[in-house]
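Residue numbers (the UniProt record's numbering), protein chains in the order written: chain A, 1 to 501; chain B, 1 to 290; chain C, 1 to 295.
Hints are computed from structural coordinates only; laboratory data are not their basis. Remember, predicted model here, so these are calculated numbers, not experimental data. Careful: at least some of the hints might be erroneous.
List of simulated lysine-lysine pairs, DSS-like, C-alpha gap at most 25 Å [to be verified]:
no.	chain 1	residue 1	chain 2	residue 2
1	B	Lys207	C	Lys289
2	A	Lys231	A	Lys276
3	B	Lys145	A	Lys113
4	A	Lys293	A	Lys113
5	A	Lys385	B	Lys145
6	A	Lys209	A	Lys336
7	A	Lys231	A	Lys336
8	A	Lys276	A	Lys484
9	A	Lys385	A	Lys113
10	A	Lys351	A	Lys164
11	A	Lys382	B	Lys145
12	A	Lys351	A	Lys293
The primary structure of each chain is shown beneath.
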Amino acid sequence: MKDSMRKAYLASVTDRFVKGQMDRRSFLRAAGKLGLGAGALGMGLGARPFWTMSQAQAQDQELKPNADVMKWLADVGKPFAGTTLKLATESTPPSNAIATQLKQYFEEASGIKIEIEVLPLEQVLQKLTLDVASSLGTYDLYYIDQSWAANFSQDVFDPREQLKNADLAMPNYNIDDFLKPLVDGIAMYKDTMVGVPYDIPIFIMQYRKDIWDELKLPAPTTMEDLLNASKAITDAKGPNVYGTSGQMKSGHYSLECDWTAWLWGHGGSIFDKDGKFCGNDERGLEAMAYWDKLKATMPPGVNGWTWDGEGQSVAQGVAASMLSWGEFFPFFDDPKASKVSGLMEAIVPPKPTTTLRTVQETAFGEIPGVGHQGGSSLAVSKYSKAPDAAWIFMQWATSADTQALITVLGGGTGPTRKSVYDDPRVKANARVGAGTTRHLPVVRETIANYMGSEPDLPAWAEISSDTIPVALGKYFAGQLGSAKETMDALKSQVDEIVAKG
Amino acid sequence: MNASVASRTLRTLAAWVVVGLFFFPIYYWTSVAFKYGNDIFSRPPNLFHFTPTFDNFQKVFGISLGSGGVTVTPGGGNFFMAPRLWDSIVVATLSTLVAIVIATLAAYALSRMNFRGRHQFVNWVLSTRMMPPVAVAVPMFFIYKGFGLLDTFTGMVLIHALMNLPLAVLLMKSFFDDIPAEIDESAIVDGASRFTIFRRIVLPMAKGGIAATAVLCFIFSWTEFLFALTLTTTGLKTVPVVSSTFVTSIGTAWGNMAALGAASIIPAFIFILLVQKHLVRGLTMGSLKQ
Amino acid sequence: MTVAQVRRMSVSDSPIPWLLPLVALLLVFTVYPLIYNIWLSFHEYVPRRRALEYVGLSNWTQLWEDARFWQSLTITFVYFAVALAIELALGMAIALLLDSDGFGFGFLRGLLTMTLVIPPAIAGMMYLLMEDPQFGVISYFLQWTGLLDPAHPILATASTALAGVLLPEIWQWTPFMVLIFLAGLRALPPEPYEAAMIDGASQWQIFRRITLPMMSKVIAIAVLIRGIDLFRVFDYVFVMTSGGPGTSTYTLSLYAWQQTFSFVKWGYGATLSLVTLAIILVVASLFIKIAKVRW
């Protein structure tokens, strides 16, 4: 048996075993035929879940880019063969899927080489800022987080303009396929389109179905349900299991993300229609009161965690739920890294307590909604020395076919195109296991109906990643007095920065 | 006699306990490199009873432990760090070399030649180490951009050598100070040139001191973070910088990071062992005399 | 140039050719950045125009009113003083302990240096995991002994966060002190000790009266080298707390980094760095004077 066939067979056998369609004995027999003893499988060591290769890898064999796309790349890429493109990006599932598995196809077909520098989010910002300030053109493509759109709007090409060049346009690229709320929330700054939506982590409600069933709790569909359920779980099972979790590390952007979800969920907003901070109004304070109560049910230490610790607390069964990034859901289903594989359920974020503020009642394009989005766009830098080649890559990376592959190979990250949610390859992966896509219908619905989006203004990077999370961090560390005092202090700081900016 | 045996035993015991405490985090970190995610995050922390895995090393270095023994594959992907380890070794070795050459030359002159303002000159050299790296990073970025040194080995070697120069000069000077100046003087009388004396007589005598200085330079280059972060993109990257690659938007790949961390101890440690014989003597001789 | 001329030049006692490479490198790579930073502190980057603009003294006046600056200055001083004191005392104690030719001591000395080769950025991550309130081994141990209340995680509590950051600092750099002190101890002449033994002096008296005075210069150098680096501490706080909770672990270097890179306030960042440099310069010069360090 050829090695690749052996692997594919093993994967299918494993899949059946994990799904419970096969008993342990026949599974071991089948695996034994493949030359693997129980020891090698780790089976002799108790109930350790066996997972030699993840689902995503197992399907490598069948998942190949569309032939038409490859042919287009070969044709259009010819004049640019030998060009090297650079991209700095956060280490996100799509970027990892491209860097590890997909870029080879692109390079082979087009002859264009692509180098991807993977960094934590704040270091991406640092690199892009230096690149822009020096007009150096080190990077041909920019990965732009939604909170930076304003800062880089004048440094990148508007994709709608680029599409007008018929020689380079990808057939059926269909820019209208991108979900409208994402285009507005991530890419649009005033009338400029700052690249196209590239990835979309968004807050969805993820909770332990087993625990909820055991304690006979109603699903957390409202703010009140979430608080009550979380309290009930912490009372019943703490300190081993807590009701919910959070990303509340002082001075870190993640704390601001959590805050906005509760703020918007109580009908508040960051800015009022005059562009003044209004987190200290009545609704804002209600949100803080709610958050305080909810925090009391979270594991101690939650104010030291970013999304990293929050996700880990759920994966290890320390917390029973989280209203947070949907990207984590496939990770929870991975039995090798998580103890809650198959136990999690995803639903849309809890309903707000009152009507949301409208975009007209806020400023700077802030969109209130409990489903906080943290998407990013991909754009070609104006300082690039090979903007045409970069544009080819960008179209390929954000095309429907590539996105479908990213979604499956990259571990169930949320696509930004409508058509990808309906792609059969994506739907086929909607089963329990690493890289699942079974939460994607919820992601799609959240984007369509419950999405919240941060304001876009040049000073926003500073306000969101420093001013707000530092003040909130002080509040939770008991250094700033009451919620009202904290919010009032925050108001004067934010208004001052906005006025200067 | 009994009392002295007892106290010696006590001392040995204390030494092992203290060093054991310092070694514990390294053991713990190395154990993380051999764990699956679930074992890394078990509660209470799991120190000894876990199922070891080679997965992390496979991903980071392409080394796998299959039925056919240890195999090394070319690897690929974001987490493949073998080339980055090599980058680190090259940068640390070459920058140490450059720093040592320049520093020994200068330190010899500072040790042997009397000139006005020598004390101030040494203070000035030391003061160049006082600048916060953050402040150096931005202007360096522009200088490097101008000279085309961004993202090159030359650039990294230079900045790391430079960063180590003040310390290397100070240390080397103290080592030279310990070698009696009479040796030089008698050689001069014999008609030897300064450079000959330096190369043939003083340098061999200061071998241990050079080794000690080299170890420190190597370590500082090996562990440097901010310059490596700011002045490189994709051409080369050192271990401290790529370690943050494992901090992803869906959590930190602790096992992989630990595999890189554990492996990164080895080259630096080998380097220390190589020069250890000289190191002990060298640091001893450079006792910064009264 | 004839051979004779070369010969005469090299025989001559001019230090210039010896120092030239050093001075050239230092001029280009440290004097230029210094001048650039001074220039920068009178300018500010204006993102809208993608350019630096002259702002006069405003960066310097801002410094006076900036509560964050004063706070980070205090924290830097505390960090510096606590770390230096502990590393010195602990380093000396361990050096005395390990200064033996007994079996296994060479191995132990080698083992101890292993902490030095781990990049601080990685060591910070390592301790971040070990101090995690739910999954960390250090937290678990402290909670088990009752020293730590589970409700107050080390890094998320204002009063303990700095201690949490100091932990990797001290773990990593105490062995550095040990290394330097060991070298000093091993070079001490045996005669004074023999005399003291005959006089029947106690261990403590020997240490106070003989070891400490003879080691004074080694200690001074160690204080100087480590002190300068401590004042510029960045990696640990950057990785572990980002300055939090609130601002309780914000150091000057972190603040300058953030102003420079996160908020693109190059002018203000440069001002902060210059102040840091000035403080280190003054303190170090005073120390060199008082401790009578002669090069």
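Status of the hints after comparison with the structure:
1. B:Lys207 with C:Lys289: 31 Å, violated
2. A:Lys231 with A:Lys276: 35 Å, violated
3. B:Lys145 with A:Lys113: This hinted pair holds, its Cα atoms lying about 23 Å apart.
4. A:Lys293 with A:Lys113: Given that 25 Å is the threshold and the Cα spacing comes to 53 Å, the pair is violated.
5. A:Lys385 with B:Lys145: Satisfied, since the Cα-Cα distance of roughly 15 Å is no more than 25 Å.
6. A:Lys209 with A:Lys336: 20 Å, holds
7. A:Lys231 with A:Lys336: With a Cα-Cα distance of about 29 Å, the restraint between A:Lys231 and A:Lys336 is violated, given a limit of 25 Å.
8. A:Lys276 with A:Lys484: With a Cα-Cα distance of about 16 Å, the restraint between A:Lys276 and A:Lys484 holds, given a limit of 25 Å.
9. A:Lys385 with A:Lys113: 14 Å, holds
10. A:Lys351 with A:Lys164: Answer violated: A:Lys351 to A:Lys164 is near 42 Å, above 25 Å.
11. A:Lys382 with B:Lys145: 18 Å, holds
12. A:Lys351 with A:Lys293: 18 Å, holds
The structure is inconsistent with the numbered hints 1, 2, 4, 7 and 10, although it conforms to all the rest.
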